[in-house]
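Protein chains: 2
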Amino acid sequence: MEIKIMKNILDRNQNKAEEVRNILKMNKVMMVNIISSPGAGKTTLLEKICGEMATTFRIGIIEGDITTDRDAQRLKRFNIPIVVINTEGGCHLDSHSIYSVLGSFDLEKIDVLFVENVGNLVCPSQFDLGETFKLAVVSTTEGDDKPAKYPMLFREAKAVLLNKTDLIPYTNFSIDNFRSDLKMINGMVPLFEVSLTRGDGLPDWFEWISTQIRISLIYSI
Amino acid sequence: MEIKIMKNILDRNQNKAEEVRNILKMNKVMMVNIISSPGAGKTTLLEKICGEMATTFRIGIIEGDITTDRDAQRLKRFNIPIVVINTEGGCHLDSHSIYSVLGSFDLEKIDVLFVENVGNLVCPSQFDLGETFKLAVVSTTEGDDKPAKYPMLFREAKAVLLNKTDLIPYTNFSIDNFRSDLKMINGMVPLFEVSLTRGDGLPDWFEWISTQIRISLIYSI
Numbered sequence: 659m660e661i662k663i664m665k666n667i668l669d670r671n672q673n674k675a676e677e678v679r680n681i682l683k684m685n686k687v688m689m690v691n692i693i694s695s696p697g698a699g700k701t702t703l704l705e706k707i708c709g710e711m712a713t714t715f716r717i718g719i720i721e722g723d724i725t726t727d728r729d730a731q732r733l734k735r736f737n738i739p740i741v742v743i744n745t746e747g748g749c750h751l752d753s754h755s756i757y758s759v760l761g762s763f764d765l766e767k768i769d770v771l772f773v774e775n776v777g778n779l780v781c782p783s784q785f786d787l788g789e790t791f792k793l794a795v796v797s798t799t800e801g802d803d804k805p806a807k808y809p810m811l812f813r814e815a816k817a818v819l820l821n822k823t824d825l826i827p828y829t830n831f832s833i834d835n836f837r838s839d840l841k842m843i844n845g846m847v848p849l850f851e852v853s854l855t856r857g858d859g860l861p862d863w864f865e866w867i868s869t870q871i872r873i874s875l876i877y878s879i
Numbered sequence: 659m660e661i662k663i664m665k666n667i668l669d670r671n672q673n674k675a676e677e678v679r680n681i682l683k684m685n686k687v688m689m690v691n692i693i694s695s696p697g698a699g700k701t702t703l704l705e706k707i708c709g710e711m712a713t714t715f716r717i718g719i720i721e722g723d724i725t726t727d728r729d730a731q732r733l734k735r736f737n738i739p740i741v742v743i744n745t746e747g748g749c750h751l752d753s754h755s756i757y758s759v760l761g762s763f764d765l766e767k768i769d770v771l772f773v774e775n776v777g778n779l780v781c782p783s784q785f786d787l788g789e790t791f792k793l794a795v796v797s798t799t800e801g802d803d804k805p806a807k808y809p810m811l812f813r814e815a816k817a818v819l820l821n822k823t824d825l826i827p828y829t830n831f832s833i834d835n836f837r838s839d840l841k842m843i844n845g846m847v848p849l850f851e852v853s854l855t856r857g858d859g860l861p862d863w864f865e866w867i868s869t870q871i872r873i874s875l876i877y878s879i
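Quick mapping for you: the protein sequence lines, in order, are chains C and S.
Going by my numbering, the first residue of the first sequence is number 659, and it counts up by one from there.
Going by my numbering, the first residue of the second sequence is number 659, and it counts up by one from there.
Hint data in this document are derived by calculation from the structure and do not stem from the laboratory.
Beta carbons: idealized from backbone N, C-alpha and C, even for Gly.
Watch out, some of these pointers could steer you wrong.
[Claimed, not checked] Estimated spans, in silico, between C-beta atoms of each pair: (1) S/Asn-680 to C/Glu-677: 47 to 55 Å; (2) S/Asn-830 to C/Tyr-757: 34 to 42 Å; (3) S/Asn-666 to C/Val-759: 24 to 32 Å.
Please work from the sequences and hints to get the whole structure.
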């Protein structure tokens, strides 16, 4: 019974996701659905992105949170359009909630819309929001076994950002184990090993994400 | 519509949870439902508990994992009864899955059953498994804002274990912010600040959990 219910929910979500995707295409807006565990660094990533790229690209942000607007508060100093979606206990964003806030943005004046999903490595990966692609963020302090134990997200993601590499010396994290597990799950996915607080590895990441936005602006993929 | 469906699922879960609870009571088994984000230290906690307490109490473990039996593999050296539940993509354990594996244990020979839930700070807190109580595990590297951002679990938990205190010097984690947020959400909850890898703070924790087991054996709460 529950499987059938879940299928209905996912079907309805998928239909609305396609509507969202069409609206974004028409407006040449790339949408990135950022997914991670709580505290892996999604908001810090957005801070770095805004700091580095807000003069080059027109950025918008959708902040998904169960409750509070703390993440949005951290980002408002960048003076870019931000909309908060409080899920009120819900464990993921869905395409209906994204659709309902699209009207709050002047999409003609946005190149890229970053969606910070609810902190959860499981449920968000099952819901298409109409995004251009999913970005997986994971931190070294969570352990090197996360791709093997939570494969769905890593299979779906177009890129993986491994954060907190500066903390590796203080943990038992094995970068070789992490890389080889990830390779088995998604052999071709680009992996960016970064320390968001220290800045290590960020130039490669910025080059990659900038290229994605430029491609989107030209081809509206 | 989805709210009604969710209510039905939760009602059915609650009924089965009461059945589980009765079975455990009859057998004087305490059950602890351990909930955390991925990589906060649930399995390491179980390793420490088995190492310290397996000669004093008769321990059983239920390992909830989306896929793989990696956590159970880490625990099998302790020679205690372990059952793995693979949720196959499901984001939490429910009372039906617990009920279905209870028969695998000789409950008359068990004092305490630890359940390692799926790594997820959101969904598991909404599903009563029939446990005696929920234990929240959270790590400093996730950030000090987790109780405020994910209040459900911290409201429900009978105790909170803050792990990875050894990494505080390398992060911007504020123990004062963490404590004051937690106090607002659940003023009376005992907080154990520990480093599972280094052993800091563990004596207090072992004393507390041992007392809970002893109370359960006497009063079968």
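Range agreement (Cβ of C/Glu-677 with Cβ of S/Asn-680, hint 47 to 55 Å) = Holds - the Cβ-Cβ distance for S/Asn-680 and C/Glu-677, about 48 Å, lies within 47 to 55 Å.
Is the hinted range of 34 to 42 Å satisfied by the C-beta distance from S/Asn-830 to C/Tyr-757?
-> holds (36 Å)
For the pair S/Asn-666 and C/Val-759, does the Cβ-Cβ distance stay inside 24 to 32 Å?
-> holds (29 Å)
In the structure shown, no violation is registered for any of the earlier numbered hints.
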